[in-house]
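Novice: Protein chains in written order, with the working numbering: chain E, 1 to 114; chain H, 1001 to 1114.
These are calculated hints, taken from the structure and not from any lab test. Every residue gets a Cβ at the ideal spot worked out from N, C-alpha and C, and that includes glycine. Do not take every clue at face value.
Footprint (simulated), chain E over chain H, 3 or more residues, beta carbon under 8 Å [what the hints assert, rightly or not]:
1. 1020-1026
2. 1069-1077
3. 1093-1100
4. 1103-1113
Calculated pairs, SDA-like style, for lysine to any residue (alpha carbon to alpha carbon, straight line, at most 20 Å) [what the hints assert, rightly or not]:
5. H:LYS1001 to E:VAL60
6. H:LYS1042 to E:MET46
7. H:LYS1042 to E:THR2
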Amino acid sequence: ETGVTQTPRHLVMGMTNKKSLKCEQHLGHNAMYWYKQSAKKPLELMFVYNFKEQTENNSVPSRFSPECPNSSHLFLHLHTLQPEDSALYLCASSRTDGIGEKLFFGSGTQLSVL
Amino acid sequence: KQEVTQIPAALSVPEGENLVLNCSFTDSAIYNLQWFRQDPGKGLTSLLLIQSSQREQTSGRLNASLDKSSGRSTLYIAASQPGDSATYLCAVTAGSSNTGKLIFGQGTTLQVKP
Chain E
1 ETGVTQTPRH
11 LVMGMTNKKS
21 LKCEQHLGHN
31 AMYWYKQSAK
41 KPLELMFVYN
51 FKEQTENNSV
61 PSRFSPECPN
71 SSHLFLHLHT
81 LQPEDSALYL
91 CASSRTDGIG
101 EKLFFGSGTQ
111 LSVL
Chain H
1001 KQEVTQIPAA
1011 LSVPEGENLV
1021 LNCSFTDSAI
1031 YNLQWFRQDP
1041 GKGLTSLLLI
1051 QSSQREQTSG
1061 RLNASLDKSS
1071 GRSTLYIAAS
1081 QPGDSATYLC
1091 AVTAGSSNTG
1101 KLIFGQGTTL
1111 QVKP
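Whole structure, please, built from the sequences with the hints as guidance.
Specialist: See below:
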């Protein structure tokens, strides 16, 4: 248990569906992240939130819409996805106000788009 | 643009062997370097973090070194065990400040045979 909880663990959706991924951290961290892990590709940073303000959008298509209502919760709203969006979506959190702060990851949501 | 490369992509060793995993990065302006472990279909677990001013970090049977000027890091695993079987990922910060944004390599998949 890393202190970062993601739900659901698995999700199958059609291209016209709307769904949301949820992430919650109990570590008192100020920064939260969404990463995408596709088969045979390195992890890709999607979004960064610092004290619930978005500080990074790594050229992510608008069909992915993040939301960070507070420093402990992070959502990724999905709509009209494509089959190539099928991947493992990982949430992470960290502190950025200190030295040597590790990233803590959730177990991920395995997404399949049909 | 920072790029991270891990060699080898896969490694299979008998139990008890000492082994070295390699990581190289193209831009030496980093804040820190982290090694993670990922089990199949799961999230990432942080193993070791080396600040840019440090040369190495140790945790149990794991030792990670950093040569920032040459853009290289190694993860040394002593007396390998079947439970060490996993994918090991190296990541560096995107830039020399503590933003928490990481650039990942593609990983080395390790199999330790009993």
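Novice: None of the hints should be skipped; say for each whether it holds.
Specialist: Here's how the hints hold up against the structure:
1. 1020-1026: The restraint on the region 1020-1026 of chain H is violated, since only 0 of its residues have a Cβ under 8 Å from chain E and three are required.
2. 1069-1077: It is violated: at least three residues are needed, and the region 1069-1077 of chain H offers just 0 whose Cβ sits closer than 8 Å to chain E.
3. 1093-1100: As far as the region 1093-1100 of chain H goes, the hint holds, because 4 residues have Cβ atoms under 8 Å from chain E.
4. 1103-1113: This one holds; 5 residues, not fewer than the three required, reach chain E with a Cβ under 8 Å.
5. H:LYS1001 to E:VAL60: holds (18 Å)
6. H:LYS1042 to E:MET46: holds (18 Å)
7. H:LYS1042 to E:THR2: holds (12 Å)
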